[in-house]
Amino acid sequence: MFCLDTYLRESEDYEIHMTRSGFKDCARFIEKNAPEVVHVKPGEKIVGARIIGIPPVPIGINEEKGTIILPYTKPCYGTATVEIPVPVEEREKIRAVGID
Amino acid sequence: MKKAIILLGCPESPSQTPLALYASNKLTGMGYQVTVASTPSAKKLLDVSDPEEHYVKNKTDIESCLDGLEEGDYDLLIGFVAKDAAVSYFVTFYHILNTKSLALVFHRDQEKLDDFENSVRESTQATIASARAYHNPTPLRVRLDRTLDKLIGSGPKQDKPDMDEQGDS
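Note that the protein sequences, when read in sequence, are chains L and F. Residues in the first sequence are numbered from 1 upward in steps of one, following the working numbering. Residues in the second sequence are numbered from 1 upward in steps of one, following the working numbering.
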């Protein structure tokens with residue numbers, strides 16, 4: 001199973017669009033820039049990690065690039081916006097837990 | 001026995017550790033089994049402040065705790081909210097646990113205090129106790145006492161005189 005924390009530790013194939021930001025700014029970035037946005041409940045497991053944030057939490061999907069953009073929060077560092085490539089089945093799982 | 005979880009975020013504010021020990025002691029006196037979920041740095045401050053674990057007996061890492069958290073695991077959630085990330089963590093724990101909750105919102109800057117308080121209010125139905133606080137834990141301690149007594153009912157009397165209640169910076 002895909003695991004976000006392990007992926008970010010072991011791979012360099014990801015893009016950080018914003019870092020040390022507030023959650024609301026990161027959410028706005030995703031809403032504005034992702035071709036498709038799915039909203040999920042906070043605490044939902046997305047790519048193996050609990051999604052942290054204020055509901056509804058936006059997850060961006062770029063089908064063409066095969067990537068997702070999500071807010072990634074650490075207690076001392078605030079929220080980052082991370083874009084990572086994920087398999088098609090993970091993108092489907094995100095759509096399945098969407099609350100839109 | 002009822003279970004309470006206290007969330008500690010980044011320990012940047014000097015008020016957080018003494019208030020966490022105080023809240024844990026108060027909740028234990030009210031009959032709760034208390035767990036503190038914190039960052040590693042916040043845990044180290046607790047370890048040094050309470051070496052024989054008189055006040056906090058159960059400690060866990062906030063991220064691994066969140067990973068395995070399920071509704072029903074705790075009867076009461078208390079979160080220290082002094083940063084934007086702490087708002088996100090508190091709101092996330094709130095929506096998973098779906099239980100009686102109290103956000104202790106504090107910051108030295110009034111604008112940030114208002115922003116954190118509004119974010120918690122807009123996204124949860126948690127009770128909020130907030131105060132301008134940084135070095136001085138008393139303003140938030142006073143509000144914690146009042147709010148907990150209202151939320152849970154009076155436990156053993158532990159209130160101290162409301163001296164030095166003014167906020168600091």
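You may find that some hints are simply not true.
List of simulated lysine to aspartate or glutamate pairs, EDC-like, C-alpha gap at most 16 Å [unchecked claim]:
hint : chain 1 : residue 1 : chain 2 : residue 2
1    : L       : Lys74     : F       : Glu122
2    : L       : Lys74     : F       : Asp115
3    : L       : Lys45     : F       : Asp115
4    : L       : Lys41     : F       : Asp67
5    : L       : Lys65     : L       : Asp25
6    : F       : Lys2      : F       : Asp109
7    : L       : Lys24     : L       : Asp5
8    : L       : Lys24     : F       : Asp115
9    : L       : Lys74     : L       : Glu92
10   : L       : Lys65     : L       : Asp13
11   : L       : Lys45     : F       : Glu70
12   : L       : Lys24     : F       : Glu122
13   : F       : Lys2      : F       : Asp73
14   : L       : Lys45     : F       : Glu122
15   : F       : Lys100    : F       : Glu53
16   : L       : Lys41     : F       : Glu122
17   : L       : Lys24     : F       : Asp61
18   : L       : Lys41     : F       : Glu12
19   : L       : Lys65     : L       : Glu89
20   : L       : Lys74     : F       : Glu117
21   : L       : Lys24     : F       : Glu117
22   : L       : Lys32     : L       : Glu83
23   : L       : Lys74     : F       : Asp73
24   : F       : Lys3      : F       : Glu117
25   : F       : Lys112    : L       : Glu83
26   : L       : Lys41     : F       : Asp145
27   : L       : Lys45     : L       : Asp13
28   : L       : Lys45     : F       : Glu12
Every beta carbon over 10 Å from chain L, so not counted as near; a handful from chain F, in silico [to be verified]:
hint : residue
29   : Met30
30   : Thr39
31   : Val48
32   : Ala86
33   : Thr92
34   : His95
35   : Ser119
36   : His135
37   : Thr147
Derived from the structure by calculation, the hints contain no laboratory data. The structure displayed is predicted, hence computed values, not measured ones. Here a beta-carbon is modelled for each residue, glycine too, at the ideal position from N, C-alpha and C.
Hint-by-hint comparison with the structure:
Proposed proximity of Lys74 (chain L) and Glu122 (chain F) is contradicted: the alpha carbons are some 22 Å apart, above 16 Å. Between Lys74 (chain L) and Asp115 (chain F) the CA atoms are separated by roughly 19 Å; this puts the pair beyond 16 Å, and the hint is violated. This hinted pair does not check out: Lys45 (chain L) and Asp115 (chain F) have alpha carbons roughly 27 Å apart, beyond 16 Å. Proposed proximity of Lys41 (chain L) and Asp67 (chain F) is supported: the alpha carbons are some 15 Å apart, at most 16 Å.
Proposed proximity of Lys65 (chain L) and Asp25 (chain L) is contradicted: the alpha carbons are some 23 Å apart, above 16 Å. Between Lys2 (chain F) and Asp109 (chain F) the CA atoms are separated by roughly 35 Å; this puts the pair beyond 16 Å, and the hint is violated. The straight-line distance between the Cα atoms of Lys24 (chain L) and Asp5 (chain L) is roughly 22 Å, outside the 16 Å bound, and the hint therefore fails. Taking the CA atoms of Lys24 (chain L) and Asp115 (chain F), the gap is near 11 Å; set against the 16 Å cutoff, the hint holds.
The hinted pair formed by Lys74 (chain L) and Glu92 (chain L) fails the criterion: a straight-line CA distance of about 26 Å is larger than 16 Å. Distance restraint check for Lys65 (chain L) and Asp13 (chain L): the Cα-Cα separation of roughly 12 Å lies within the 16 Å cut-off, and the hinted pair is therefore satisfied. Restraint check: the Cα-Cα separation between Lys45 (chain L) and Glu70 (chain F) comes to about 12 Å, which is no more than 16 Å; the hinted pair holds. The hinted pair formed by Lys24 (chain L) and Glu122 (chain F) meets the criterion: a straight-line CA distance of about 13 Å does not exceed 16 Å.
Of the pairs offered as hints, the one joining Lys2 (chain F) and Asp73 (chain F) holds, with about 10 Å between alpha carbons and a cut-off of 16 Å not exceeded. At roughly 23 Å between alpha-carbon atoms, Lys45 (chain L) and Glu122 (chain F) are farther apart than 16 Å, so this suggested pair is violated. At most 16 Å may separate the alpha-carbon atoms for a hinted pair to count; Lys100 (chain F) and Glu53 (chain F) exceed this at roughly 26 Å. For the suggested pair Lys41 (chain L) and Glu122 (chain F), the alpha carbons sit about 15 Å apart, so the restraint of at most 16 Å is met.
Among the hinted pairs, Lys24 (chain L) with Asp61 (chain F) is inconsistent with the structure: their alpha-carbon atoms are about 25 Å apart, more than 16 Å. With a C-alpha separation of about 29 Å, the suggested pairing of Lys41 (chain L) with Glu12 (chain F) is violated against the 16 Å cut-off. Annotation: proposed proximity of Lys65 (chain L) to Glu89 (chain L) holds, straight-line Cα distance about 14 Å (limit 16 Å). Of the supplied pair hints, the one linking Lys74 (chain L) and Glu117 (chain F) is violated, its CA atoms being roughly 20 Å apart against a limit of 16 Å.
Restraint check for Lys24 (chain L) and Glu117 (chain F): the C-alpha separation of about 14 Å stays at or below 16 Å, so the hint holds. With a C-alpha separation of about 14 Å, the suggested pairing of Lys32 (chain L) with Glu83 (chain L) holds against the 16 Å cut-off. At roughly 23 Å between alpha-carbon atoms, Lys74 (chain L) and Asp73 (chain F) are farther apart than 16 Å, so this suggested pair is violated. Distance restraint check for Lys3 (chain F) and Glu117 (chain F): the Cα-Cα separation of roughly 25 Å exceeds the 16 Å cut-off, and the hinted pair is therefore not satisfied.
For a cut-off of 16 Å, the pair hint linking Lys112 (chain F) to Glu83 (chain L) is broken: about 28 Å separates their Cα positions. About 32 Å separates the Cα atoms of Lys41 (chain L) and Asp145 (chain F), which puts this hinted pair outside 16 Å; it is violated. Distance check on the hinted pair: Lys45 (chain L) and Asp13 (chain L) sit about 21 Å apart at the alpha-carbon level, beyond 16 Å; violated. Of the supplied pair hints, the one linking Lys45 (chain L) and Glu12 (chain F) is violated, its CA atoms being roughly 29 Å apart against a limit of 16 Å.
Against chain L, the non-interface label of Met30 (chain F) holds: every CB pair exceeds 10 Å, the least being about 27 Å. Against the 10 Å criterion, Thr39 (chain F) falls within the reach of chain L, whose nearest CB is about 5 Å from its own CB. Non-interface status of Val48 (chain F) relative to chain L is upheld: no Cβ of that chain comes within 10 Å, the nearest being about 18 Å off. Residue-level check failed: Ala86 (chain F) sits 7 Å from the nearest beta carbon of chain L, not beyond 10 Å.
Remark: the non-interface label on Thr92 (chain F) conflicts with the geometry, its nearest Cβ contact in chain L lying 4 Å away (cut-off 10 Å). Distance check on His95 (chain F): its Cβ comes as close as 5 Å (rounded) to a Cβ of chain L, failing to clear the 10 Å threshold; non-interface status is violated. Distance check on Ser119 (chain F): its Cβ comes as close as 6 Å (rounded) to a Cβ of chain L, failing to clear the 10 Å threshold; non-interface status is violated. For His135 (chain F), the condition that its CB be more than 10 Å from all CB atoms of chain L holds, with the nearest at approximately 19 Å.
Thr147 (chain F), annotated as away from the interface, keeps every beta carbon of chain L farther than 10 Å; the closest lies near 22 Å.
Checked against the numbered hints given earlier, the structure breaks hints 1, 2, 3, 5, 6, 7, 9, 14, 15, 17, 18, 20, 23, 24, 25, 26, 27, 28, 30, 32, 33, 34, 35 and satisfies all the rest.
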